[in-house]
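A.B. asks: The opening residue of the sequence shown carries number -5 in the numbering used here; numbering runs sequentially from there.
Please note that the accuracy of each hint is not assured.
SDA-like, lysine to any residue: derived pairs with alpha carbons at most 25 Å apart [as the list claims (entries may be wrong)]:
1. K278 x A252
2. K5 x D27
3. K54 x R71
4. K248 x G226
5. K140 x S85
Hint data in this document are derived by calculation from the structure and do not stem from the laboratory.
These figures come from a predicted structure and were not determined experimentally.
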Amino acid sequence: MQLSFSKTREKSPLVVLAGGDKYEGEWVGGVFDGYGVLERPDGQKYEGQVKDNQYNGTGKLTDRSGFVYEGDFKDGRYHGKGKYTYANGSSYEDDWTENMYGGYGVESLADGSIYKGCFKGGKRNGEGVITWPDGGCYKGHFHEGKKHGWGKFSWPGGNSYEGEWKDGERHGKGTYTHANGSRYEGDWVEDKQEGYGIEKYSSGQTFKGYYKGNKKNGKGMCTWPDGKTYEGQFINDDIHGEGTYKWADGRLYKGQWAQNHMHGSGTYRWPDGRCHEGQYNEDKKHGWGK
């Protein structure tokens, strides 16, 4: 079929173009203009408004891989309001800027999770909320698609973390609260308790000190609801190294410890003034002493 170059809008039957494209729709001056259907050899199909030989206006684009975009186009690109559905069922709906998510949008993934919030450059950037089918929820800041900045994550079992994030991990200052009431407040490094922190247990026990790899490591102080206290060194959650342990009845041990036992050199004092200074082995006097 010979194309018309009339300045008047015309509607033509199916035309096969150079390269194998097939177009059926309206023309003005030899270019697509108005409403049309364009099918390409690679399986892509567009139905909607066209202008200057490009997708311009509202339309629907599909291809054989299974994706569907329905919404606004500008100069052949997704631009404005639209919904993109992937072959696996995931989708994004709302603002687009030159083929990328931009502004506010809703992203629904195949795993059932839903994100509502800000996008920039096709990625989650800014404030947003993710919810999961199991009841989990994150509300806070994102950067380049990851949790980053300040945010709160709530697990379905009732545990929660509120604080700083970096590249999708807890990093900086934050508070982790357990469903049973226990709570850690302090430093985090790459999703682990690391640095200084305060941990309060539902049992009434409190620890203030240093952590590494989610465990007490370094100097710290532990207090128990019955009046006992320990101040000194910890390794991998154990009382280990130099430290002082005080019992509620007034007894005191100051010296070396190994895996929660008095072990090594130390001094044991009683409330009545008695004192033993010497060697200990797993809480028992062992070796020299006086």
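A.B. asks: Does each hint hold? Answer for all of them.
C.D. replies: Each hint tested on the structure:
1. K278 x A252: Distance ~13 Å between K278 and A252 Cα, so the pair holds.
2. K5 x D27: holds (10 Å)
3. K54 x R71: holds (12 Å)
4. K248 x G226: holds (9 Å)
5. K140 x S85: holds (18 Å)
When held up to the earlier numbered hints, the structure conflicts with none and fits them all.
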